[in-house]
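Student: Each chain, letter by letter, is given below.
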Amino acid sequence: MMFSLYCSIIFIASITFSQTIDFQSPQNIKLFADFLFCDKDYLRAIDEYEKYLTMVDDDSVRFKIAIGFSNMGDQYNAYQKLSLTKESSPFYEQSKIEMLKSLYLLNIDSSFYSSAEILINSESVYSNNAFRLKNTSLLLTDNELPEQKIFLIPFHNDEEYTLSNFYDLKKNPHYKSEIWAGVLSTIIPGSGKIYTGNYGDGITAFILTGLFGYLAYTNFKHDHQARAWIFTAVGAGFYLGNIYGSVVSAQIFNAKINFDFGEGVKFYLEEKNYFVPVYDFCK
Amino acid sequence: MIINNKYLFLLLVISQCTIYSQTDWVRWEKSDPMYQTNNRYLEREYDLSIQSTSDIIIKPVVNTYWFFISDVDGDNCPFNPSCSSFFAQSINETNLFQATLMFFDRFTRDTNAFGRPEHYPRFGRNHFYDPVSLYTLDEKKINYIPAKTYVKE
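Residue numbers (our numbering), protein chains in the order written: chain F, 1 to 283; chain C, 1 to 153.
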């Protein structure tokens, strides 16, 4: 009897107090989407925002969708969404600088520089941001840089030190001379490699060339012609190979300098969030 | 009550166990795992086709070296591509004279056992990545990869 009563209470209670929240209401969809956005689950947040936009017209949500794409690294879709921002939208100005960031990350140089120029010369509150992004990006191209004073104009005092360092490194990279590396190895085997920072390879080249040179010399001295010529050939191979290797080593050293410089600038841009504003959507 | 509560409870438990019992037996089936690791030396492509004049001398030498020395000796070269493959690829990329200089330079680097982890990217667990493209003297072909980066996991 008690058991039946217990079952009845559970059954009735579950029907009476069953969930009545409307998860599909626009407010709840937006709340859920905001939660996903702040949780950096941008893909699902965008889905929910898109669902919300079918019911409510909201500029901030449209902008958030674009930012979501941008944060996911999908700059193409971010750009497409940002380009739809209306002039009446409160995010119109922000969308311009965000579009510039997307163009930069899409590596479309021609569009990036023309858009940057338009934004720099406009009345936008972000024209200085565009100027800074354009000048920093110039460091990563083969284009001629303007004079240092002109280059540093848009940057704040705290940024000037880093940027002038980058400027100096771009203008005068700490390259190693390929010819000098080759000449050094011609004079003293292995010294060209040491010059390019490959100490182990330099010492090894010196030992190998010296060893085979010595073997060739003693074999010639003791009239072992065949062996002497074999050691001469191998020793000459190591000697010439080392001269060649030293030139290549300087090339690789210079490639490393370029790589490190590029990574440094890219890291700086990332750290500065590409000079776009930081939004407090999740406060 | 027609059925005793105790029996009803027992019946419920048994029916639940039967209905929701594990059905994915595949997971627990017997398997025949292979404990052998792939040896890329066994996948070597021996090729005797003559595509250039230098192939007449080089290909038989390289193939003979692979067959009688390299394959028997085992996977001992610390680099990828191995020194013999590096030489063969160098000939394809450049010419016999330049390839010979590249080979001697590679052999010098192979002899030096110090500082490799700080200098080369990794190719798998046991090799360092040292491709021909870095050494052809063509700066455009140099794709710098920082040391300690895994080119292949």
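Simulated from the structure, these hints should not be mistaken for lab results.
This one's a predicted model, so the numbers in the text were calculated from it and none came from an experiment.
One thing to keep in mind: the hints can contain errors.
To be verified - Derived DEER-like restraints, expressed as beta-carbon distance ranges:
1) C:Asn-76 to F:Leu-152: 53 to 61 angstroms
2) F:Gln-225 to C:Leu-96: 54 to 62 angstroms
3) F:Ile-153 to C:Phe-97: 47 to 55 angstroms
4) C:Leu-96 to F:Gly-262: 32 to 40 angstroms
5) C:Ser-49 to F:Gly-262: 49 to 57 angstroms
As the list claims (entries may be wrong) - Chain F residues, not near chain C, derived (Cβ > 10 angstroms throughout):
6) Phe-17
7) Glu-147
8) Asn-157
9) Val-183
10) Gln-225
11) Val-247
12) Phe-267
Cβ coordinates follow ideal geometry from the N, Cα and C atoms, glycine included.
Student: All hints, please: hold or fail.
Tutor: Structure-based check of all given hints:
1. C:Asn-76 to F:Leu-152: 53 to 61 angstroms: holds, 55 angstroms
2. F:Gln-225 to C:Leu-96: 54 to 62 angstroms: violated, 26 angstroms
3. F:Ile-153 to C:Phe-97: 47 to 55 angstroms: For Phe-97 (chain C) against Ile-153 (chain F), whose Cβ atoms are near 53 angstroms apart, the range 47 to 55 angstroms holds.
4. C:Leu-96 to F:Gly-262: 32 to 40 angstroms: holds, 36 angstroms
5. C:Ser-49 to F:Gly-262: 49 to 57 angstroms: Violated, at about 41 angstroms.
6. Phe-17: holds, 24 angstroms
7. Glu-147: Label holds. Min Cβ-Cβ 28 angstroms, cutoff 10 angstroms.
8. Asn-157: Correct as stated: the minimum Cβ-Cβ distance to chain C is 33 angstroms, above 10 angstroms.
9. Val-183: Answer for Val-183 (chain F): holds, closest chain C Cβ roughly 16 angstroms.
10. Gln-225: holds, 23 angstroms
11. Val-247: violated, 7 angstroms
12. Phe-267: Label holds. Min Cβ-Cβ 13 angstroms, cutoff 10 angstroms.
Checked against the numbered hints listed earlier, the structure breaks hints 2, 5 and 11; every other hint is satisfied.
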